[in-house]
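The chain contents come next:
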Amino acid sequence: MTIDVTSGTYGTCDGRSRRSFLKLGALAFGGLTLAQQLQIEAQAAASGKATKDLSVILLWQGGGPSHIDMWDMKPSAPAEFRGSFNPIKTVIPGYYVCEHMPRIAQMVDKISIVRSVTHPDSGHESASHTLLTGYKPTNDIPSNEVPSYGSIVSYEMGPRVEGFPAYACVPRAPKSTAAAYLGVAYNPFETQGDPSSTDFQVRNLKLPNGLTLARLEQRRDLMKTFDTLRRDVDASGLISGMDAFSQKAFELATSPKVQAAFDISRESSSVRDRYGRNTMGQSALLARRLVEAGVRFVTVDTGGWDTHTNNFENLKRKKLPHFDACFASLIEDLDQRGMLEKTLVLVWGEFGRTPRINKDAGRDHWSTAMTAVMAGGGIKRGVVLGETDARAEFPKERPVSPQDILSTMYGQLGLDQDKSYKNEADRPVAILNNGVPIPEII
Amino acid sequence: MNDRIKVILSLLFAVVAGTAAAASPALASLTKLTVEPAQVALVNADQLVQLLVTAQYSDGTQRDVTRTAAYTVTAPKSTGKAPAPASITTGRVVPQADGTTSVQITFKDLVSKQSAAATVPVQVTGFTVERRLNYANDILPILTKASCNSGGCHGKQGGQNGFALSLLGFDPDFDYNALTREGHGRRITLTAPDQSLLLTKAAGVFPHGGGAKLDLGSDSYQLLRRWIVQGTPKGRTNDPVVQAIEVIPRERILIGTKEQQVRVVARYSDGSTADVTRAAEYKSQQPDILIVEHDGLIRTLDRTGEGAVMVRYMGLVDVTRITVPYSRNLPESAYANFKPKTYVDELVMTKWRKLGIAPSELCTDAEFIRRASLDAIGTLPTAEEVRTFLADKAPDKRDRLVTALLDRKEYADYWAGIWGDVLRNKRRNGEEHKRGTFAFAAWIQDSMAQNKPYDQFVREILTAQGNVSDNPTVVWYREVRNTVHQVNDTAQLFLGTRVSCANCHNHPYEKMTQDDYWGMAAFFSRLGVKQGEVSSENAIFVRKDGETRQPRTGKTMKPKGLGGPAYDQVRGEDPRAKLADWMAEPTNPYFSRALVNRIWAHYLGVGLVEGVDDMRLTNPPSNPALLDALAKDFVAHKFDLKQLMRTIMTSQVYGLSATPNSDNHTDKQNYARYFPRRLPAQALLDAVDTVTGSTEKYAGFPLGTRAIELPDEFVPSYFLDVFGRSKRETACECERSYAPNLAQSLHLMNSPEIQSKISDAKGNAAKLAESKRPNAEIMAELYLRAFSRPPSEDELAESVKRLAATTDRRAFLEDFTWMLVNSKEFVFNH
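Chain order of the listed sequences is A and B. Position one of the first sequence corresponds to residue 7 (this note's numbering), numbered consecutively onward. Position one of the second sequence corresponds to residue 317 (this note's numbering), numbered consecutively onward.
The calculated lysine-lysine pairs, modelled on DSSO-like cross-linking and capped at a C-alpha distance of 27 Å, are:
id, chain 1, residue 1, chain 2, residue 2
1, B, Lys550, B, Lys827
2, A, Lys230, B, Lys1083
3, B, Lys472, A, Lys425
4, A, Lys428, B, Lys599
5, B, Lys1013, A, Lys212
6, A, Lys212, B, Lys1078
7, A, Lys402, A, Lys95
8, A, Lys425, B, Lys461
9, B, Lys1117, A, Lys230
10, B, Lys1088, B, Lys1117
11, B, Lys984, B, Lys655
12, A, Lys348, A, Lys386
13, A, Lys428, B, Lys1043
14, A, Lys181, B, Lys750
15, A, Lys425, B, Lys599
16, B, Lys984, A, Lys428
17, A, Lys428, B, Lys529
18, A, Lys142, B, Lys472
19, B, Lys1013, B, Lys1043
20, B, Lys461, A, Lys428
21, B, Lys1043, A, Lys181
22, A, Lys142, B, Lys1043
23, A, Lys428, B, Lys472
24, A, Lys428, B, Lys827
Simulated from the structure, these hints should not be mistaken for lab results.
Okay, chain A solo, but in the shape it has when bound (with noise of 0.2 Å):
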């Protein structure tokens, strides 16, 4: 952001929410007026910033999913380590994935799978920060020092169609996916609610139970008449900004394209059984249904993978087989629709989990050695990259951080990770300040 837009001072927090609201900028869910949004298009086009037109889907795996059961499988390895799950042939040749995941092993020929990325945090709400944001955090208990790629990239790029917000969490925002100092107006839209329950509504956006439509038409005819406060008595613009959100409001309640966007009783329930009935995997639907539509980022919080006891319990009855038909359906969705190419996935959680199998069978915190899972938007399809020592402990060959996925990212996006915005002590922090672009996967 900007800081320095309006007089008063610089580089303060409290001047930090009506500046931000002032530079509208890529507003996460709607906001500009149409000149607005034509400005920026032609402030864009003229710097030739992010032009590449993709969106993004996150499927965060909050608490760590186990990459030694999943993705990096290790037979040969100790009965103590390797697990009760069988490995099972793919369609690469000579790579296997956990027997759980039987879809996905029919295609990781269409995604990048980087089993060697390591990072040295093992703290659930520090590493989250990390991997959510690209920096470590510098206070204990970390809540967004810095804003997540989500927000940076909703700020970059707005919503992909006019209308629509540029950012929305599924169901929830997890810890550190929200702006920090870019300002509110770049925190995910939640659609909160379970997308896999009969009654799922996006909150607020539906008319609520005794309003028609005429009725708040007729409402807002009302406002018009008598809702009569002059916009100038106050110079800071948060009186005719509140009159634009409340006409972007009335639009978004209104409108049949937002309301259909949303709407993911709309797809078929072959659609939706294939997805899986689960929150995770019409959540991954619902996603799919939004970047379709014109959102920007969308954020999938999958939580759940903290499988400190019975892992593979856990694992085998629920996580994998949800995992499995979410993950597998969505890159095949996106593949069939001509999506994929336009539309980047990341998959990962804050650290993999100790490949010692502890007294409750289950295994804990373990980051030195995790896989990200990365597809679309320009990423190689089929490759396999990196490989962990014989206890998935630590990598072998190519260790890869979380900033070079992160970066890897920003690249396919078009965006200049090198590009700084001032956070609340006035101090330019880059988008990203470290990490570099994966080359064998793009």
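We have chain A; now place chain B onto it with these hints.
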């Protein structure tokens, strides 16, 4: 404020007051030309001096003419073709040879056709002597000015591409080593200076990620090259060290010109001075009003107002304030309706006169009761309160209202929430923290209710020890759990200044060093935490001994407040008590100012220093005299918070209308009118309940609990979250957000929650629809509840007409209620 500035200020005020009364300033005549410095002595070939040439006018105004004056240098008599000792361009004197000469300066006012002249003697010595360069004094400023060591480049933690410098050069020893030793000395090639990476990269001869930063052959390039030729001397230990910088002028009102050259002088430990105008860095704090060039030329844009330009050299900062008046010729009648009641009014009006702006009318009584109630107690006045207030004919009714509001229970509730935010009284998600959080919240509420003196309030927090049940303030240390948090929060919250930069390096925008930071840290060196009476709680104890070391130097630090005395550590004493003592000293420059600024910003919408917890030299107050006066008054009244609020709220300034006039519509920081703000989340939700006549239920609290009474951030509420209640993650006031966003509009407009409040069968719309009251009374009731005013004649006529015409009275009243809660007049405090 030092005496010198006071003199200048009083002169300026006199000038402006004089011109306002004068018939036409256009007749002011050019009286003389003054030059700073009056004489120039250059003692080596590298020195330059920037002259400041100022035209003085008969009306007392001054105008910088450095760029428009004509300069001639007298050639020496005896030497034929030899160069004159000095040349001059844009007022900058450059030495050319040893000798003595003088510069003649003439200026012609193009409007009045008057001229004035001045002469400055110049002496140049030591021109041919190659002096021994000093890394810190000669080289470091070049690197800083070229941004090599900025936070975006090599100055960031870990450096850039393997080359790290200390941020803005705060650690010259580290930088010298990085340049000359690191990487086997590859950055410097003594045998072929021009091949040195330092030069080839900086000049862009070799590819450089940062681009070309120095022109080949520029003075800076030449100086770097000479330093390499000399064998990269670090300098002798007894070489002078820069100790202070001064920018000239410190303050200027721009009249009849759009630019102002500044001059920067550095003072060294040996008593010498040097002109560092060209080597210093400049930054405009208000780039929409002022821009500043590399050579210290400030230009105004076409906007009026005030701005500051920060000057930085060798880690030292200074600031110059530039005023671009709105109008020079406001007639005295523009102020005729404003009758100053208190010193607040006088000081604010002085500032208006200086800027040439004039106040709006006083607001209406209805506006006042709504505004004062929302600001002081976070609560809308009831329809009945509004009626009573409007009917009161006594002239002192606003003052009485203020006193009454500050005595209400809601005052303590509302302010307990505000303090709870910045004191980070936070449950997070643990039931185990509920007891402590509630106890601390109750302690804050009680402190507010009994109007505990602020110094005592802070002392009880800072020096907390024991268990939660003995002393609820120990809960403060639950979030503020380590030294870094303790120093940062203490400074930000109680001293109004952000020090976190100085944890690791000297503060880039303030005279604050890493030693200052760790001196503050030493106050907390004996703080101990152990398990409390309940296993999930901590107890605070004080160790008999304990010291703090500065991490970079390893030096043991004495406890020392910013700019305060250093205390000796005495075995068995709690240094935190000394911190509280130091804060409460009447002479403490931070403590009372930080508080009055915070409270002022709460009531007036904009702080005297914006960023209420970001007070620093380079972020000066918009009205220093007022800030000082409020702080002094606060100390004199023994830190009485309600007295301070009464002083602010009973001023005429607080009672101005929000509606701008042609003499103040550009004002954003001088209170010529009330600046509206969106209602805070809690007050807004309570207000929605008031207007709709429904009651929000908060999990775990009895029905009827209001949002402003909630003790912490943990009570689930989508409404409060989306309207920006503080998460209490930091001590920053800014965590409470007032910015509108789309989710807010969507929620007010289209949520089942608001819809059910509006259509509540026991709610206001339903009751009014069933009542037998006349239509006009019904509509008036709605207006009084939501807007705290009766409807205008037109509004009443139109709304009554529509109510009478409807077939479904309840539906219409619900729709009208919807309109009220969605309207700007409702959502904003104005």
